[in-house]
Each structure stands twice: as structure tokens, then as C-alpha cells.
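Work the whole structure out from these sequences, hints included.
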Amino acid sequence: MDGNFMKTIDIKVPFIDTVEDFLQLQEQEIYNEKGIDFPVLYPKMVHKSLVEANDYNPNYVAKDKMKLLKISIEENGFCFGIISIFDYEKRKFVIVDGDHRNQITGEKWLKLNYKPLIVLNHSMDKRLAATMQFNKARGVHRIEGNAELVQRMLNEGVEEIVICKTLGIDADEFLRLKRLRKIADVYIDREFSKSWEI
Numbered sequence: 001m002d003g004n005f006m007k008t009i010d011i012k013v014p015f016i017d018t019v020e021d022f023l024q025l026q027e028q029e030i031y032n033e034k035g036i037d038f039p040v041l042y043p044k045m046v047h048k049s050l051v052e053a054n055d056y057n058p059n060y061v062a063k064d065k066m067k068l069l070k071i072s073i074e075e076n077g078f079c080f081g082i083i084s085i086f087d088y089e090k091r092k093f094v095i096v097d098g099d100h101r102n103q104i105t106g107e108k109w110l111k112l113n114y115k116p117l118i119v120l121n122h123s124m125d126k127r128l129a130a131t132m133q134f135n136k137a138r139g140v141h142r143i144e145g146n147a148e149l150v151q152r153m154l155n156e157g158v159e160e161i162v163i164c165k166t167l168g169i170d171a172d173e174f175l176r177l178k179r180l181r182k183i184a185d186v187y188i189d190r191e192f193s194k195s196w197e198i
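Under our numbering, the first residue of the sequence shown carries the number 1, and numbering increases by one thereafter.
Hints in this document: simulated from the structure, not taken from any laboratory. Among these hints, one or two may not hold up.
[Unchecked claim] Taking lysine-lysine pairs in the DSSO-like style, the calculated list, with each CA pair at most 30 Å apart, reads:
#1 Lys-48 to Lys-111
#2 Lys-48 to Lys-67
#3 Lys-70 to Lys-7
#4 Lys-34 to Lys-7
#5 Lys-34 to Lys-126
#6 Lys-136 to Lys-34
[Claimed, not checked] Derived CB-CB ranges, DEER-like:
#7 Asp-170 to Lys-70: 34 to 40 Å
#8 Glu-29 to Ser-123: 17 to 23 Å
#9 Glu-74 to Val-94: 24 to 30 Å
#10 Lys-182 to Val-94: 46 to 52 Å
#11 Met-124 to His-47: 22 to 28 Å
#12 Glu-89 to Val-162: 31 to 37 Å
#13 Asp-64 to Gln-24: 28 to 34 Å
#14 Met-124 to Asp-10: 32 to 38 Å
#15 Val-61 to Leu-25: 28 to 34 Å
#16 Phe-38 to Ile-161: 27 to 33 Å
Here a beta-carbon is modelled for each residue, glycine too, at the ideal position from N, C-alpha and C.
Have a look at this one:
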């Protein structure tokens, strides 16, 4: 390529108000370099009514951090998209990563009508893995949530060795998480007596 010209990608960011808007989009060829896709280059502005949280993310953000996120977005703009998939059964965009950014756009905080989404084309087992990978890469994850993710992946039929490789865990951690989930299941419907008072 001639050094006098800058390489560009012509991108139009669609605003999606209905499921039909999304379904009518032409599938884009994702830019790829050395085997790495760049879905970040193809954001979509999706109406808040079409976005929902997932039911498996072990991540939690404290209220003081949410306040800081609100200030950051107000002062710096929305610099990070919300990672999602489109669930054809639910006919909704389900968040894979970034629910705190989803929450901050809501009625309690910024009251935005549209949310900036990066939409991945992932199966359930790949979604579960992506959620844990994103959380672990940032250093924010809970053991109970990780155990739940491992169990869900097993339920999806993912082989143990594939789970370990995908989540970046060794066999010992895998067994710990698997045991933790089984212990939680044993006590799930049990009633306990009141604690002792001294």
C-alpha cells in the first residue's frame, strides 16, 4: 500500500428500533487480521426495549463504581460498547459482557434511549466462555459465578478439557469449581435453623 493513503473501512452505524430492523441488516464481512476478528468496528445503536441482561454473569459492580462510571461517561463519552448476542428465541439482544454499562444507560442513571452494542454471533457455550474470559481478563469474577458457568457449559455438552482450555483454568481449578457447584446443589432446598445467640 502506498504510504500517501490512509487505509479506511466505510462503516455506517445502524440504529435498531425493532427486531425487524436487525433482521433486515445485511450481514457484514468482519475485518480480520491474522485470524483475529474485529467486531468492535461494527457497533449498533439498539433501542433499550430490545436489550436484556443475561442470567449467568458472575460479575457485580458496587454502587460507588457505578457512580464513577456515570461521571466517566458524562465527561468522556461512551467509549466502550456493550458486548451482546442476538437471541432469536427471545427476540432480544442478550448481554455477554458490560451489564454495568447497560445499567448505567437505564432510568436510574443516564436515561438513554439507545445502547451501543457490539453483537457477536456466539452459541451458548461460547457466550458463557466469553463472559468468564472478559471477567477474568479484567480481574473481576466470583468463585460461585464461575462454578455456575462451568456447570452451564457442562450442561451444554462441552467437554471438560475444552472448558479448561477455553476458560484458561487448570484441571485442579476445574474440579474445585465443579465440586463447589455440586455442594451448592445439595443445600439448595434445605431449611436451616436459626443461628445461635450468645
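* **Unmet hints by their number, sorted upward, for this structure** => Hints 3, 10, 12, 13 are the ones this structure does not satisfy, whereas the remaining hints hold.
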